[in-house]
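Trainee: Chain residues, written in single-letter form:
2 protein chains.
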Amino acid sequence: MAERFSPPPLAGEGQGGGRRRVLIVGAGFGGLACAKKLDGEPVDVILLDQHNYHLFTPLLYQVATGLLNPSDIAYPLRTVFRHSANVRFRQATVTRVELSNKLVRLDAAPPLAYDYLVLATGSTDNYFGNQEVARVSFGLKSLEDATRLRNQVLTCLERADAEPDPAARRALLTFVVVGGGPTGVESSGALTELMAIVAGKDYHQISRAEIRIILVEGTDRLLNTFSVRLGRYAQRVLTRRKVEVRTGALVKGANSHSVTLSDGTAIASATIIWSAGVRPNDPIGESSIPRFRNARIQVDEWLRIPGSPGAFAIGDAGSPRVGDRELPMLSPPAMQAGRYVASTIVDEVRGVQTERQPFRYLDKGTMATVGRNAGVTHLPGGLEFTGFLGWLTWLFVHIYYLIGFRNRISALAAWAWDYLRHDRPIRIILAASPGPKR
Amino acid sequence: MAERFSPPPLAGEGQGGGRRRVLIVGAGFGGLACAKKLDGEPVDVILLDQHNYHLFTPLLYQVATGLLNPSDIAYPLRTVFRHSANVRFRQATVTRVELSNKLVRLDAAPPLAYDYLVLATGSTDNYFGNQEVARVSFGLKSLEDATRLRNQVLTCLERADAEPDPAARRALLTFVVVGGGPTGVESSGALTELMAIVAGKDYHQISRAEIRIILVEGTDRLLNTFSVRLGRYAQRVLTRRKVEVRTGALVKGANSHSVTLSDGTAIASATIIWSAGVRPNDPIGESSIPRFRNARIQVDEWLRIPGSPGAFAIGDAGSPRVGDRELPMLSPPAMQAGRYVASTIVDEVRGVQTERQPFRYLDKGTMATVGRNAGVTHLPGGLEFTGFLGWLTWLFVHIYYLIGFRNRISALAAWAWDYLRHDRPIRIILAASPGPKR
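Going down the list, the protein sequences come from chains A and B.
Position in the first sequence counted from 1, then plus 1, gives you this note's numbering.
Position in the second sequence counted from 1, then plus 1, gives you this note's numbering.
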């Protein structure tokens, strides 16, 4: 099965005395893991991202619900590689990738040639073509999304507190979370905690009973990548904590003050939070490379883009076919793929003659939190646990993976605070913070 | 000198069983101090602000230079008064104040009638009519200003790192701070610390020697509300830390890539930070009430707006004549005035028969920091100190006045971190975070 690589031709410009140049597009989990693994190796690495920070996306909902600061989950990429001799970060937006020319075009700088390309461009919200829903929904894929949602939730409470019209008030106090996967479960769990803190307290005119948090899921149960038992546990905990769980329901339409479900039910709501699906994101555009039905690039067993020497796609952007499926769009396969590709490149530039094994994703388990003291953890081999132990596992794994010592203690301190005081203190509405004026 | 108040007529609607309604417009230092003093008293208080938080403005430059998070210096106002029985906060923008009708008009809610009005609307940047400079300058009056400036500074570094054209690069790496008062001194001191941390490290292509920070002051010395000795000390420290101080120079013009001084010098610079003056801000507009030349409302010795029963103006918005001068536009006189007006109102509603003494501002001293280990403190009576002791005094006074236990420990932790590690960790470019989508 395994085949040997033929070394790619050198790029015309021969950067750094003939050293090969690796271009990594995207500094999410996959791209960052790849760049770190290449740090100190005999290649020149340029890591590109449209933002100047690595974002720990699994905790975005904690920013949106006032527990964490944006900077707690965003780590400046230049700081990660400040002591590196061969990895350089550049903030740039990639406008086009020319696989045949081995060239990446940028928005505001000259194009970059590469010897190796690692496409790690992640994914974006998938509204399955429903423009109307896309227009009014709040996603949770970027820091801007998270602060926008925090502004929205707090502004709804502000307005409801002063709103005399009962119908308008009801819409302002109803929050619809779409999608019962980990993000939807965690978001609705955190929202219900926030509401318990502020209803009747910060907002004297609003009782907790008036606030509705509705979690809508298309299949018949929550967390359907986990076992039935874990999904039921999550549903039980959320229901006890006053989240209305509606399974077997899809969102059909939405406007500024209501959401319509597939069974025709209309829910008066000013806030829809979208966590019902993502789609892969890459700047290649139309070309003949193979893709899965969701447009994810279909790479070979060595994560190479077929027909494009030196080019790899990893993480949410690309997957090999595994049986009749793809790899899950989660951070662990992305990180493993990033490190695998880095090793492949290093072997090749070092002239290692042994055969390269195909990429194998090692599932170390998955987990989600439903909120305070309640988490679910699934380990390979079928071991599962719920409740406080599930939550504690979730907490420590997440804090462990938060990059950077400072972020880790800052997030840990925030959690300790939350745990001891039942507080979500970052309840500020921070309006437009645009970029440079000129 | 002292005169008695005649009780104001009750508002038509007689809120809360005939209790008087106090409307406080603005929740800065003055408005917040007034509301806190009225907490628990037999009046109904409505505190209005366009933001949902009290902002500790003296530390905005620490947000702009990556030391503090926005939430470290912004405290949710509803949380301040969550246990209060008579003080209510509402986020609203006041569009007009009708002193003769005792009515305040809001942007998106019915107007509010009052028995007592406390105008505490603060101040805004004063560009002295220079629209061109206003358009391209970065102010430091709001959290949005601070995050915008942080985005600008970091974006300039990002761009310069990749910029091949020497002239464009020079403009990107030159930061002009206008105004040598405390804000200008503190901002340029913090900027030079940030640059020492990142130049040649996060940004490998940028050496510290290429970066210019220029502090422009119109008079012949820095900190001219302090003594000559303290001003000279600040100048000496800043110069040693590589800030170019230009006294006796005014900014005449500016465009996207350069600043022109009054002597004709043109400085290539993409970033102008404005701290050369503020002007009072109030929503009264044209009316016959007396004003100082800078448009600040001239109140009487009891801080009442002449001819407008029940209306007071405090802080940057209003001042009595003190000899041939006004009160300084600083937080201590605003806070003292807020508490004074609160006492006046309480005495009146309680029917206290003694004469009310005119307002007297008690100067407890002023201070500023030039940066790490270097501050200046002036105490009444002429006692002054500089250096580490001046800095320590400044640090503890500022942390003491930061509202809220959590903000205080969070800011203290950030400083401790900065002090031990020489770090300004919050180097993220966080783009537009607009308000609600709908």
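Just so you know, not all the hints are guaranteed correct.
[To be verified] If we take Cβ atoms under 8 Å as the criterion, some of the chain B residues that face chain A in the derived model are: (1) Tyr-54; (2) Gly-278; (3) Glu-287; (4) Ile-429.
[Said to hold, decoys possible] DSS-like, lysine-lysine: derived pairs with alpha carbons at most 27 Å apart: (5) A:Lys-202 - A:Lys-37; (6) A:Lys-253 - A:Lys-365; (7) A:Lys-365 - A:Lys-243; (8) A:Lys-38 - A:Lys-202; (9) B:Lys-37 - B:Lys-253; (10) B:Lys-202 - B:Lys-37; (11) B:Lys-202 - A:Lys-37; (12) A:Lys-38 - B:Lys-202; (13) B:Lys-38 - B:Lys-202; (14) A:Lys-243 - A:Lys-253; (15) A:Lys-202 - B:Lys-38; (16) A:Lys-202 - B:Lys-365.
[Said to hold, decoys possible] Have a look at the derived ranges for each label pair, beta carbon to beta carbon: (17) A:Gln-206 - B:Arg-241: 19 to 29 Å; (18) A:Thr-240 - B:Ile-400: 52 to 62 Å; (19) A:Gln-206 - B:Phe-293: 37 to 47 Å; (20) B:Gln-51 - A:Pro-307: 49 to 59 Å; (21) B:Gly-130 - A:Ala-109: 51 to 61 Å; (22) B:Gly-366 - A:Gly-201: 36 to 46 Å.
Just so you know, these hints were derived from the structure itself, not from any lab.
For each residue, glycine too, the CB sits at the ideal point set by N, CA and C.
Trainee: The structure should be examined with respect to each hint, and the outcome stated for every one.
Mentor: So, going through the hints one by one against the coordinates:
no.: 1; hint: Tyr-54; verdict: holds (5 Å)
no.: 2; hint: Gly-278; verdict: violated (19 Å)
no.: 3; hint: Glu-287; verdict: violated (29 Å)
no.: 4; hint: Ile-429; verdict: holds (5 Å)
no.: 5; hint: A:Lys-202 - A:Lys-37; verdict: violated (47 Å)
no.: 6; hint: A:Lys-253 - A:Lys-365; verdict: violated (36 Å)
no.: 7; hint: A:Lys-365 - A:Lys-243; verdict: violated (32 Å)
no.: 8; hint: A:Lys-38 - A:Lys-202; verdict: violated (49 Å)
no.: 9; hint: B:Lys-37 - B:Lys-253; verdict: violated (43 Å)
no.: 10; hint: B:Lys-202 - B:Lys-37; verdict: violated (47 Å)
no.: 11; hint: B:Lys-202 - A:Lys-37; verdict: holds (17 Å)
no.: 12; hint: A:Lys-38 - B:Lys-202; verdict: holds (20 Å)
no.: 13; hint: B:Lys-38 - B:Lys-202; verdict: violated (49 Å)
no.: 14; hint: A:Lys-243 - A:Lys-253; verdict: holds (24 Å)
no.: 15; hint: A:Lys-202 - B:Lys-38; verdict: holds (20 Å)
no.: 16; hint: A:Lys-202 - B:Lys-365; verdict: violated (36 Å)
no.: 17; hint: A:Gln-206 - B:Arg-241: 19 to 29 Å; verdict: violated (56 Å)
no.: 18; hint: A:Thr-240 - B:Ile-400: 52 to 62 Å; verdict: violated (44 Å)
no.: 19; hint: A:Gln-206 - B:Phe-293: 37 to 47 Å; verdict: holds (40 Å)
no.: 20; hint: B:Gln-51 - A:Pro-307: 49 to 59 Å; verdict: holds (57 Å)
no.: 21; hint: B:Gly-130 - A:Ala-109: 51 to 61 Å; verdict: violated (35 Å)
no.: 22; hint: B:Gly-366 - A:Gly-201: 36 to 46 Å; verdict: holds (42 Å)
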